[in-house]
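Undergrad: Chain residues, written in single-letter form:
Protein chains: 4
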Amino acid sequence: MTDHPDLPADAARETLSVGMVGYAFMGAAHSQAWRNAPRFFDLPLRLRMRAVAGRNPDLVAAAAARLGWESTETSWRSLIDRDDVDLVDICTPGDTHAEIAIAALAAGKHVLCEKPLANSVEEAEAMVAAAERARPAGVRAMVGFTYRRVPAIALARRLVADGRLGRIHHVRAQYLQDWIVDPEAPLSWRLDKDKAGSGALGDIGAHIVDLAQFITGDAIASVSGRLETFVTERPLPADHHTGLSGAADTARRGPVTVDDAAAFIARFRGGALGVFEATRFALGRKNAIRIEVNGSRGSLAFDFEDMNVLHFHDGDDDAATGGFRRILATEAEHPYMAAWWPPGHLIGYEHSFTHQVVDLVNDLAAGGDPSPSFADGLQVQRVLAAVETSSDSATWQDVTP
Amino acid sequence: MTDHPDLPADAARETLSVGMVGYAFMGAAHSQAWRNAPRFFDLPLRLRMRAVAGRNPDLVAAAAARLGWESTETSWRSLIDRDDVDLVDICTPGDTHAEIAIAALAAGKHVLCEKPLANSVEEAEAMVAAAERARPAGVRAMVGFTYRRVPAIALARRLVADGRLGRIHHVRAQYLQDWIVDPEAPLSWRLDKDKAGSGALGDIGAHIVDLAQFITGDAIASVSGRLETFVTERPLPADHHTGLSGAADTARRGPVTVDDAAAFIARFRGGALGVFEATRFALGRKNAIRIEVNGSRGSLAFDFEDMNVLHFHDGDDDAATGGFRRILATEAEHPYMAAWWPPGHLIGYEHSFTHQVVDLVNDLAAGGDPSPSFADGLQVQRVLAAVETSSDSATWQDVTP
Amino acid sequence: MTDHPDLPADAARETLSVGMVGYAFMGAAHSQAWRNAPRFFDLPLRLRMRAVAGRNPDLVAAAAARLGWESTETSWRSLIDRDDVDLVDICTPGDTHAEIAIAALAAGKHVLCEKPLANSVEEAEAMVAAAERARPAGVRAMVGFTYRRVPAIALARRLVADGRLGRIHHVRAQYLQDWIVDPEAPLSWRLDKDKAGSGALGDIGAHIVDLAQFITGDAIASVSGRLETFVTERPLPADHHTGLSGAADTARRGPVTVDDAAAFIARFRGGALGVFEATRFALGRKNAIRIEVNGSRGSLAFDFEDMNVLHFHDGDDDAATGGFRRILATEAEHPYMAAWWPPGHLIGYEHSFTHQVVDLVNDLAAGGDPSPSFADGLQVQRVLAAVETSSDSATWQDVTP
Amino acid sequence: MTDHPDLPADAARETLSVGMVGYAFMGAAHSQAWRNAPRFFDLPLRLRMRAVAGRNPDLVAAAAARLGWESTETSWRSLIDRDDVDLVDICTPGDTHAEIAIAALAAGKHVLCEKPLANSVEEAEAMVAAAERARPAGVRAMVGFTYRRVPAIALARRLVADGRLGRIHHVRAQYLQDWIVDPEAPLSWRLDKDKAGSGALGDIGAHIVDLAQFITGDAIASVSGRLETFVTERPLPADHHTGLSGAADTARRGPVTVDDAAAFIARFRGGALGVFEATRFALGRKNAIRIEVNGSRGSLAFDFEDMNVLHFHDGDDDAATGGFRRILATEAEHPYMAAWWPPGHLIGYEHSFTHQVVDLVNDLAAGGDPSPSFADGLQVQRVLAAVETSSDSATWQDVTP
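Protein chains in written order, with the UniProt record's numbering: chain E, 1 to 401; chain Y, 1 to 401; chain Z, 1 to 401; chain F, 1 to 401.
To be clear, the hints were calculated from the coordinates, so they are not data collected in a lab. One or more hints might be untrue.
Chain copies aren't distinguished; within one or between two, either way the pair holds.
As the list claims (entries may be wrong) - Simulated pairs of lysine to aspartate or glutamate, DMTMM-like, Cα-Cα distance not exceeding 20 Å:
{"no.": "1", "residue 1": "K193", "residue 2": "E228"}
{"no.": "2", "residue 1": "K286", "residue 2": "E14"}
{"no.": "3", "residue 1": "K193", "residue 2": "E99"}
{"no.": "4", "residue 1": "K286", "residue 2": "D314"}
{"no.": "5", "residue 1": "K193", "residue 2": "D316"}
{"no.": "6", "residue 1": "K286", "residue 2": "D317"}
{"no.": "7", "residue 1": "K286", "residue 2": "E184"}
{"no.": "8", "residue 1": "K195", "residue 2": "D58"}
{"no.": "9", "residue 1": "K286", "residue 2": "E331"}
{"no.": "10", "residue 1": "K286", "residue 2": "D316"}
{"no.": "11", "residue 1": "K286", "residue 2": "E388"}
{"no.": "12", "residue 1": "K195", "residue 2": "E233"}
All values reported here derive from a predicted model rather than from experimental measurement.
Using the sequences and the accompanying hints, generate a full structural model.
TA: Shown next as structure tokens:
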């Protein structure tokens, strides 16, 4: 009998100690990633999940035990103050991102910040400035647009980068959910502008803006959009909850201060025409992130409800046998997949978070700049802001460069 | 041995004599409908395909023989002048619709006019006025938005009308083709603003505007749109051709004067948010008319590339067994289908034209008003005009009521 | 004004005069084909739909008018006796095929005979012998396995013939319907062994046997099968009906004497392993003819419920971008499709019958042998007979060569 | 700062200490399950991953570190001898299952044994006897047919158990892979009858036999089958490898002693007709476990390549709106899913292993009998044996009850 440590111990490997702020839905997904990354990928750094921070001592203690963190803190400031934390992983609502990230960077901690980068362009700009100030000292910052790490999406990006699509003419992207179609669904923090910044636009629209720019390698230059709030008043939650659901207090109602849905058309710098739609009112669509890109040489289509698949039309195929290929992106030749199971054995939602950790850790070890950067997050924020302004003014808006 | 006439001869049935103008793609589809309708449906009128008109006597004679018309005329005016023609079926390019239709209506002929109703709002208004003037004398006018008669689409309309979708929140509609992605595709009449009026917007965008309004039973109130011409100059056609394809004269080039693609967002009068896109540059998509409607009780999705299927999500299904139903609209219970083949035996593109004839003939026999009316066609035209104005002015535009 | 005949009149073209026996479901489909073929295809012979035969004078007269036949006969013998009939098209139940076909061939008429060729191997052998006797005089015989003429299926055959699949390892084919799942569905002639010969096996199993052999270009060598009758007694039909449905006389019941479902495994001469299933009890499947073929270089998959599509996996694609291609078989490059509509405009069930007429007429004009021949029909019959024997004896059975 | 243990520490909870034998593909999947189960599910026992056993000390040490096991053993016997191991998880090739499982049970250890239960009916019978001997002492045994724990599959079982399908008429099941289509793929242990017992039949056919019996709640009574080996000789592996792939030693060749593909038809005790096919030669299909069940009231269809989806046709839906529902089995109302992510966030292959651990641990804590039992595994083995005998004898075979 021989005893072994819990994690791959390589004396030659340096340790990256992680502290996480927040432990709800995103915290659970990030924890799973920190735990799993070294089990499936050969990482250049040894990971330690040092501490998780949350205000309620009992809840954070329970979360630490469940999610696998060594210790707890009851404030994000004390987490940042710890010498044994190298990286701060921010999984709190958007209104807190700027303050935590800027403090962490100033304290010399790497930062992984959940999307949206912030609730406003101003906050996001401050965060980019903080990241730039910290960078010379080797401190790195990354924003968590995890869907980039879905293998089928990463493959899509690779095909565009390889020129397989040619000149891009069209991007159409939708993020469709349905969790508040019921007008009696309670007024959660995600429907409160002060907490969430915006509604469908910032929460899920942000993802398709990032994906569209990531896959095409291009940026949105101008937009015309419209925000809608179909249900303007809702019952208050029965108690303070932070998640996606919960009971309603039917006696008291409050105003919905964010958009239920957002739609906009866009022009990309390279001339492509984009059509975007984000909604929480698409009954029957649960997490349908759909993106289709049409170029002069090829086309791509993706739907997260079938996330292991990328559809690819190669315009070079002859007319009689051409057609969209259903690529099951589970081969060793596909991004990230050599580390997982044999071909045809699917991966799920949380694996993208693991890939995010893998890429981040590799970049940190190599001294590279992890991607997407805070500047990428800011660019997304600027697109969202332009959509809001456009909706308010009923005019096209340029995205501030 | 007993001899029988070629068509169902019912002495008690009156005859409707039809004259058609134009015999290209649309003329072939309409002829197939006039020939087939009485073979599969029990019509209240006996149909005669009296005459087809076209400028070139040889070509029109060949077309008459091929398509089944009894005689030919070399001008639409002489067709209208014939006493033995009760209905004029207009299958020519859009720039001729107004003149022919107004003359035919003035001559007391019923009119079936291919879409778009006209190339401008002004022409369309004049046509509506002509239809109103003719109506008291029992003369009827119809515009040919045939996709309404795809059984799956007609079923979609029925479900909305029956309240199965509840309040409509979203309409997303796309009409995707790819036939001019190649920058060397020749400059056909469909790329010439004088002939075609507009490009993708009027040619195929018109269809999804009509379908969206038909299925929801609502009208588009305002729009913000963008037209794009990706390839601004093309080789001239090697010879005068009128169809969709043909060889190019690579030595000479001319300007493309219409849009290659159009996208717009819209608000419906009832509060729904619409997203529309029409393009001839979606490589790999051949005739993908896609429309999805999300309501508070149910959702619908359709794609013409699988035209016998309607996807329907019934929000009343319990959570564990709910999901989009793939309705194969080939049952006798589905619109129009009792006349065709057993369940599971699909119909094709041209059957919708047959259904259009069936509905039109039934309406004429009953003295009813065929639908879609010229006023419906005008409303579509006004939406398209608002999109163009919006694209030019970079502002939202109301659709003139 | 110029008068034109009803059909393309080319004085240089000879006329092929057709007589049809039977006018139910198959008769309607065949009539549509005879009417349509010259409208869309340039045929070397001029077609005349001379006469249709049926026992009931009133019904056959109504059918003639509706389906477009010039005259009627009340017996198939008198039809065959007519000098002005060149080809006899047999659309009656299987128990009459042999007698009619043999008589027609002996009278020097070409024969197009609906599938199954006959209700027994003996009858089918006699028909093949009759066809062979008639052949030296230029008389031709064809059996109507129309699904071969679905463009996607014809494309599948072409890909195999071109070597794109390599060595064939697997064929899996299903023909799934559900029209008698209800145990109270009446006992139609199709459930009567004397009339129909067999149940699901002969009616629909015959089609997938033919398709499997056609696509692979190989023949089934041996089988092991099982027939099942899930509902052994049913109410008698309320009246004599010949179609697929009708009311039941709930007071009287009779035995079901054919199989409700048939399944068998097979070895092809070339070494492929086949799995076949035909059933009328697959609830929710209406006319699902599914066939998948796996070879050493490529794979194919087809489902008639999406009949314009062929799925093709090209094993030569690189691992990262390989996947089943959804080929929308509506391009001019696809079999038969240049004659119809632009790409993306689907065709339906009945178009395959038109293609059958086109191929038959071309073969007759060229003096060629139309395919599938009566010998092909006999081979299918032998496979079905081997399945029945196997089911009875619980052993593998060779297919008599 | 507060320190926390690595796993949820509940003093009131007893500990279940696990030892695993084997650490290749299955060992990695099982380890992931042992690690994850307590992170997402509230388990009645505290889990410890005590030790992993393997012959090579260096490799097993590396595996322990990577997979999260506290210690190592270099023989399965020493693992079984340890007092601090309560449960032995067997992840080795099938030829070792019987010996290890019987010894572990005799030593009073619970056993989780990967499928197939054994390489022969005799071994499986001995294992069942050993499980029965151990049971009175509270020792439990389970065989790892993990696909039962795919939520969509568990939902399928629930629907059948609830009577939503009515009387079952048809089961058609396929397990399609393509990893040895290339005749130059090396002769791995999975192609060696001594190691693997059988080829496609036992490796993947076992899964669809189990799934068919599980979903229907019925048992296969008799079979007629055929095994095929398309490539009878292959290059030897370049070195000893145990996984699915590896380089070939092109100079030396050896015989393939197992089946490449297996097909069989079956009768269930309840009268249903089954059609089964398992192959490693279905080019383009990677891990396509497809099962369709048709009953008198409803139908089900599943494909593992889209594993989060169950298609369900409810025969009680009215004819106009009926159709297969695409149920995205990611709702809290679906089996196991409340523990994971919000609706629409997919899970992957390995999650079924986690569910297996959850069910097993719950059963152990409650003193229940985990399912599938060794007797269930034996029944599958008997079906496979009957298929082999049938293939050898070319006759139908009853499955020994």
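Undergrad: Does the structure break any of the earlier hints, and which numbers would those be?
TA: Hints 2, 5, 8, 11 are the ones this structure does not satisfy, whereas the remaining hints hold.
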